[in-house]
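First to last, the sequence lines map onto chains A and B.
Per the working numbering: the first sequence = residues 1 to 338.
Per the working numbering: the second sequence = residues 1 to 338.
Simulated from the structure, these hints should not be mistaken for laboratory data.
Each residue gets a CB set at the ideal place from its N, CA and C atoms; glycine is no exception.
Do not rely on the hints blindly, as some may be mistaken.
[What the hints assert, rightly or not] Below, simulated DSSO-like cross-link-like pairs (lysine-lysine); rule was C-alpha separation at most 27 Å, straight line: (1) K134(A) with K270(A); (2) K275(B) with K236(B); (3) K236(A) with K261(A); (4) K135(A) with K99(B); (5) K275(A) with K27(B); (6) K134(A) with K337(B); (7) K27(A) with K257(B); (8) K257(B) with K191(A); (9) K27(B) with K99(B); (10) K115(A) with K275(B); (11) K337(A) with K44(B).
[Stated by the list, open to error] Facing chain B, from chain A, some residues (calculated, C-beta under 8 Å): (12) N158; (13) E162; (14) T163; (15) K270; (16) D274; (17) V294; (18) G315; (19) A318.
[Stated by the list, open to error] A few chain B residues that face chain A, going by a derived Cβ cut-off under 10 Å, partial list only: (20) I20; (21) K22; (22) L26; (23) L215; (24) K257; (25) G293.
Here are the chains, one letter per residue:
2 protein chains.
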Amino acid sequence: MRLLFIGFGTVVQGLSELIIQKQEQLKAEYDLDLTVVGISDMFKGSLYSPNGIDLKQALEAVRNGDLKSLPNQFAGDAPAMIAEADADMMVEATYTDIKTGEPATSHIRAALSRKMHVTTSNKGPVALFLPELKKLADENDVKFLYEGTVISGTPLLNLIRETLAGSHISQIKGILNGTTNYILSEMEEGKPYEEVLKKAQELGYAEAVPDVDVLGWDALAKITILANAVFGVNMKPDEFACEGITNISNEDIARAKAEGKRYKLIGSLKRDDDKVVGRVGPEQIDLSHPLAGVMGATNAVTITTDTLGDVTIVGPGAGRIETGFSILIDIIHAGGKR
Amino acid sequence: MRLLFIGFGTVVQGLSELIIQKQEQLKAEYDLDLTVVGISDMFKGSLYSPNGIDLKQALEAVRNGDLKSLPNQFAGDAPAMIAEADADMMVEATYTDIKTGEPATSHIRAALSRKMHVTTSNKGPVALFLPELKKLADENDVKFLYEGTVISGTPLLNLIRETLAGSHISQIKGILNGTTNYILSEMEEGKPYEEVLKKAQELGYAEAVPDVDVLGWDALAKITILANAVFGVNMKPDEFACEGITNISNEDIARAKAEGKRYKLIGSLKRDDDKVVGRVGPEQIDLSHPLAGVMGATNAVTITTDTLGDVTIVGPGAGRIETGFSILIDIIHAGGKR
Chain A
1 MRLLFIGFGT VVQGLSELII QKQEQLKAEY DLDLTVVGIS DMFKGSLYSP
51 NGIDLKQALE AVRNGDLKSL PNQFAGDAPA MIAEADADMM VEATYTDIKT
101 GEPATSHIRA ALSRKMHVTT SNKGPVALFL PELKKLADEN DVKFLYEGTV
151 ISGTPLLNLI RETLAGSHIS QIKGILNGTT NYILSEMEEG KPYEEVLKKA
201 QELGYAEAVP DVDVLGWDAL AKITILANAV FGVNMKPDEF ACEGITNISN
251 EDIARAKAEG KRYKLIGSLK RDDDKVVGRV GPEQIDLSHP LAGVMGATNA
301 VTITTDTLGD VTIVGPGAGR IETGFSILID IIHAGGKR
Chain B
1 MRLLFIGFGT VVQGLSELII QKQEQLKAEY DLDLTVVGIS DMFKGSLYSP
51 NGIDLKQALE AVRNGDLKSL PNQFAGDAPA MIAEADADMM VEATYTDIKT
101 GEPATSHIRA ALSRKMHVTT SNKGPVALFL PELKKLADEN DVKFLYEGTV
151 ISGTPLLNLI RETLAGSHIS QIKGILNGTT NYILSEMEEG KPYEEVLKKA
201 QELGYAEAVP DVDVLGWDAL AKITILANAV FGVNMKPDEF ACEGITNISN
251 EDIARAKAEG KRYKLIGSLK RDDDKVVGRV GPEQIDLSHP LAGVMGATNA
301 VTITTDTLGD VTIVGPGAGR IETGFSILID IIHAGGKR
């Protein structure tokens, strides 16, 4: 399987490490021989070689700066690479723009039209254009996969598609943002919001401008993806109510705890016939619920089914290797023989 | 896909209800058209019809007694049915004998040799003979699936096979028995063991002779299956240490709680190079661990991977429809087009 990397940031670097490390295992278990033929990165430079790029060399080069001193330089930009490359699957990992979905959406459209499978961990195109992109993939008889867009490599979308197949899902409810879960967990110790946020920023959990996390926008993008992916609707982020954690005080948290409850920022979706309703907001979760015990930067989702009742999956929601794995599992599903 | 039911107890009745209810969905989503051609049950009677048995009629008949008044009677026993039936997949659901694995193992060998896929929720053959049965399935180019043998329909084995593909698993650790988890949960309220056990028996969670659950044997069968299925070894139940919950007192539980811990009956497996070590026994789990919050008859397993760190799945560990679903998902994996 010939891969094309559009974007060569931390996630694709994590993926590259996994590919190097698991080369033999992938061949033995899934008859999957992965060759990276192209890398295109706006800042780090671009390489193209139909015979395969030396990934170890590329990783070493970016660690020391960029790809610009390596052999097999490619002069064009990402659209030119996608138009010219001979590849079976594109990994789209440019920056996320949740308002326009660009430039990732254009890259994905171009690759699908050229009959490449596509995997992405970029929430923009999936939250905004999933039905269209799915249709385009179907028309070209290729796969459009996006496991990493919701709680990273923790296999939520695959769990629903592969292992709950045949089940009717009526509700999805979860802790979809690790940063806010870390903040709420720490606030339970009595530390004030501002102090905890500062620590989260120092740890790299929160951005300098923390709005995407603390106002609930990241979780909102994820419930939009889940609504469209799992329930097959065509909804936009602004169709869901969204509230963050900035109005929750230490007193609120203490009061909830005294009543056997714990505040969590919850993203939830309910299916009612053909209608889907959802919201993001702080909720008081009973301590006996599996979501209540999920502390720190961990994510978790409870899926309510007709066959099994509630099934909950708990795992990491971010990380270089973790998100790299979400892309690897999509590659295995697209190209591996099992 | 033509199915053969060996055993027509509660689990296969649950499966039958799901098949009736989901007929159209299975056809639309997985191009899967299920026909039951044979049912063989030692007590309820046997039917065979190459054109398909009326499942609704069969369910109604067993609710009122047995199958013996229905058309399409089959005179032979289960081995005769397996030898003669024209079927694509056998559902093995006779009684569980964890010491010998019989008669289920003989049924499975016969069906695999006749190139039928096999699914079972029977722990006996899988705990005792998995490597042999897997090999026989491979030789005959058919599938041997057994999702329901470990924590019922909660998709643990499928999660590992389908959604953690490519990951190296170093440890598996979980609450594999709902009865003992219910008992320990109730004992935390200060109720003595004997009182809680009696209530569990009244609720149908525990047998009149509760040894299989409370002495840890059920969890032992499950870790044996997990060791062989996930780590590819060939181990027997007696190679693992096993202790039940009968030595845990209310005082032990209170003392653990005071230290921020909770007693759980844990089945655990660790891989160390090619060696697998495991045990079943009570452990004090830190309250911050996802397994600690799992209360009542629910099951949960934490899988430690090189790609994602810890991933935990929480769900039902028993139930008629839940275990029926574990068989349906195996049927979809064997025969559905996705």
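Violations among the numbered hints: 3, 4, 7, 9, 10, 11, 15, 16, 19, 20, 23 and 24
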